[in-house]
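Starting from the given sequences, assemble the full structure and let the hints guide the process.
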Amino acid sequence: MMTSAASKRFLRPCTWVYAALIALTCVTWLIGRLQLSGLSTALLVLALALLKGHLIGDWFMGLRAVRGLWRWAIVIWLIVPGALITLAFVLSYGN
Amino acid sequence: MQYKSQAVAKPYFIAAIGLFVGQILFGLIIGLQYVIGDFLFPEIPFNVARMVHTNLLIVWLLFGFMGAAYYLVPEEAERELVSPGLAILMFWIFLVAGALTILGYLLVPYSGLAEMTGNSLLPTMGREFLEQPTITKIGIVIVALAFLFNVGMTVLKGRKTVVSLVLLIGLTGLALLFLFAFYNPDNLVKDKFYWWWVVHLWVEGVWELILGSILAFVLIKTTGVDREVIEKWLYVIIAMTLITGIIGTGHHFYWIGTPEYWQWWGSIFSALEPIPFFMMTVFAFNMVNRRRRNHPNKAAVLWALGTAVMAFLGAGVWGFLHTLSPVNYYTHGSQITAAHGHMAFYGAYVMIVLTMISYAMPMLRGREAANSNRSQVLEMWSFWLMTVSIVFITLFLTGAGILQVYLQRYSADPLPFMVVQDKIALFYWMREVAGVMFLIGLLTYIASFFVGGKEPEAVVAATEGA
Amino acid sequence: MNATDTDGQRSNEVASAYPPGDLAIWIFILAELLVFAVFFAAYAFTRMNHVELFNQYQATLNRDAALINTIALLTASYFVVRGVVAAREGDNALCARWTWAAIAMGAVFLVVKSAEYAHHFEAGINLRTNTFYMFYLSLTFFHFLHVILGMVILAAVALKAQRGGYSSADHTGVETGASYWHMVDLVWLVLFPLVYVMR
Ligand code: HEM
Ligand code: HEM
Ligand SMILES: [Fe+2]
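Which chain is which? The protein sequence lines are B, C and L, in order. Numbered according to the working numbering, the first sequence spans residues 113 to 207. Numbered according to the working numbering, the second sequence spans residues 708 to 1173. Numbered according to the working numbering, the third sequence spans residues 45 to 243.
The hints are simulated quantities; they were obtained by calculation from the structure and are not laboratory data. Model, not experiment: these values are computed from the prediction. For each residue, glycine too, the CB sits at the ideal point set by N, CA and C. Mixed in with the good hints, there may be bad ones.
[To be verified] Okay, derived cross-link-like pairs now, SDA-like style, lysine to any residue, Cα gap no bigger than 20 angstroms in a straight line:
(1) C:Lys939 / L:Asp214
(2) B:Lys120 / L:Ala59
(3) L:Lys157 / B:Cys138
(4) C:Lys897 / L:Leu171
(5) B:Lys120 / L:Gly134
(6) B:Lys120 / L:Ser212
(7) C:Lys939 / L:Ala200
(8) B:Lys120 / L:Asp135
(9) C:Lys939 / L:Phe72
(10) C:Lys939 / L:Leu74
(11) B:Lys120 / L:Ala213
(12) B:Lys120 / L:Ser211
(13) C:Lys939 / L:Tyr62
(14) L:Lys157 / B:Arg145
(15) C:Lys939 / L:Leu67
(16) C:Lys939 / L:Thr216
(17) C:Lys939 / L:Ala75
[Unchecked claim] Covered, in the sense of this in silico footprint (three residues per stretch, anywhere, with C-beta under 8 angstroms from a C-beta of chain L), are these stretches of chain C:
(18) 932-943
(19) 947-954
(20) 961-971
So this is what it looks like as structure tokens:
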């Protein structure tokens, strides 16, 4: 079947996004495997996770093409718990 | 009224209102006993009157739900009820059994009643809200089965709508969960654990489905908004109700001897229980704003909106107030609980039954769509009187509760229970005054059925017509 | 070509006010995400008071299994994307094939996760063992249930596609199921690092 131009424009970046998600996952896994700790490592892992979530929301869920509040629904969801988790880790390292 | 058999709803509604009056009278009695300890002693002790107050509440709400279902289901299914005769028979059985039970509470000491009714064969008595003698409980199950058969067959044989299916699921759940009332283990922890499966999973689970579907029905009828839109809301609301409400049961398992993880599960899930109530509020106002017609029954619309707001306040806000385990550690079983219990029960379930009665009764009494203007004005007065009274009852009890928690459980040198009760008596007096106002509101409500009957029906102003 | 172009525009060029799929599923998704967000925050703040305990028992988790599972979910999500594209093109058979493939990846997740659970249960670990395991088991099991629900929804989509139920003009159902599935994936993407890796 021929895929239309519009579909290609959607699919091709999604394939790249998929590759990036797998790659980032491997980084996270490696950090876990080595049991690296320390505040900056933990926050790096969190940042990677939030970035991955953003890619899912933007591309797979198609929110890139939405305007208004819905466009930011997933981003907001990532930022709020992300900030709370960051706060908790910063505090736990502060002690 | 489109189907003849919808008429069976009428006796159910009348009985509901009658028992409602009884409930409030007993509420006033126990409210007075709170401040005048020996009032009516030894004729009607506090524990007996309290039991009558709460049991009448449950029984009249059940009458209301059944009446609502008998009215709603034929219209949704687009056919007559399978057996109107069975519905009337069950009405009388339920009414007589209910009346005998209440008389039993009032005339025989509770332990004597237990003995008389053979409680030792299958002990189920003695637990709050489930005090009924075992035979009454069996009677309730029989009535419920006959009722479910009647309504269920009507739905199955007729048009199936989301509204009637959700209602049916809610009613079936109500009946099934009641079966836990027969499970009464000796282990006190288990006893409490399963007791909540009835009480909590009723009001924060299956009853919410009943509430949602009746509200949806009345909104469809009065606003003319597309059924499709309303059904979508209903789906989301019930999904959220079940996700949060089922595990939310954990907010009763903090201090009864259950494992610690319930503090987490209960806190997290029940903290989200206000969401479906909030959605219901948004839903109701949204639908009314998007209405395609101006229904002449303004009172019914007012009740519907009132239900959505008050259920959110009573269940959502006042429930959230004490649902996190670190808070509940202090407030458990205090007047805060009573404050929440009153506003939630009134806002969600009393009001939804009154909404349905308000919508259906004019038709059941042979009118086209609505009562006369004069009757509706009086009904709306009663709405405000009762609603404002319950808000005050709630606020006074909340005040009493905060002081109680502080003096008795939080302050550096805590005072004994009865000493604290004396100190907060003023709040109990004010609660009693608000209770009298509530009774006046209820009498006004009843009066609205008898005024303006000879006047023409309310109609929508001509400019809004066509 | 024309029909798909209009459709492609809707999803790629001219911004729409609403996300793809039924709006009801999105409200549901937000509510679910909120539950998980609260759970995540509760985990993080509880950990703050038991850092040693959490670090000690986090080390007992199987990160390799979690890697496989993350890849399984991501792959499923990608397959779902392909299914959506196929539906937008009006190709029901292809849509069904990709969707079944996604469901198969979901099954991989369930199998691997069940093996992990079996391992823990053999070691006598349960919700009462300690606070870390309480959170680990609750969070992952709650997510596990969502994977199952997501698979059920996808199966409904796949079956309808097999019956030729979608077209390039009407494929909201596919997007609705897809959106829910991506949410399941999204939650795991935060859960995995938080519970298995961050220390
Ligand atoms: C319409 C819905 C509701 C009704 C009718 C209702 C009614 C009640 C009643 C009567 C009690 C007292 C039970 C007893 O101990 O005898 C109670 C307790 C409680 N309710 Fe609700 N409730 C509703 C919804 C909610 C919601 C949504 C929440 C949480 C957000 C909630 C939180 C609680 C809690 C935490 C308690 C226990 C209080 C204690 O520890 O003493 N309720 N509820
Ligand atoms: C429709 C209105 C009312 C509803 C839905 C209602 C509901 C309830 C419920 C659910 C309980 C049990 C609460 C718990 O276990 O925490 C209760 C208890 C009680 N109610 Fe009401 N009630 C209403 C009206 C009234 C009125 C008007 C009064 C009196 C002024 C009153 C006075 C009491 C008292 C004194 C208790 C006992 C509280 C205790 O044991 O400490 N109620 N009511
Ligand atoms: Fe509850």
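Verification of the supplied hints:
| no. | hint | verdict |
| --- | --- | --- |
| 1 | C:Lys939 / L:Asp214 | holds (18 angstroms) |
| 2 | B:Lys120 / L:Ala59 | holds (18 angstroms) |
| 3 | L:Lys157 / B:Cys138 | holds (18 angstroms) |
| 4 | C:Lys897 / L:Leu171 | holds (19 angstroms) |
| 5 | B:Lys120 / L:Gly134 | holds (14 angstroms) |
| 6 | B:Lys120 / L:Ser212 | holds (15 angstroms) |
| 7 | C:Lys939 / L:Ala200 | holds (18 angstroms) |
| 8 | B:Lys120 / L:Asp135 | holds (15 angstroms) |
| 9 | C:Lys939 / L:Phe72 | holds (11 angstroms) |
| 10 | C:Lys939 / L:Leu74 | holds (15 angstroms) |
| 11 | B:Lys120 / L:Ala213 | holds (18 angstroms) |
| 12 | B:Lys120 / L:Ser211 | holds (18 angstroms) |
| 13 | C:Lys939 / L:Tyr62 | holds (16 angstroms) |
| 14 | L:Lys157 / B:Arg145 | holds (18 angstroms) |
| 15 | C:Lys939 / L:Leu67 | holds (9 angstroms) |
| 16 | C:Lys939 / L:Thr216 | holds (14 angstroms) |
| 17 | C:Lys939 / L:Ala75 | holds (15 angstroms) |
| 18 | 932-943 | holds (count 4) |
| 19 | 947-954 | holds (count 3) |
| 20 | 961-971 | holds (count 4) |
Every hint, counting from the list given before, is met by this structure.
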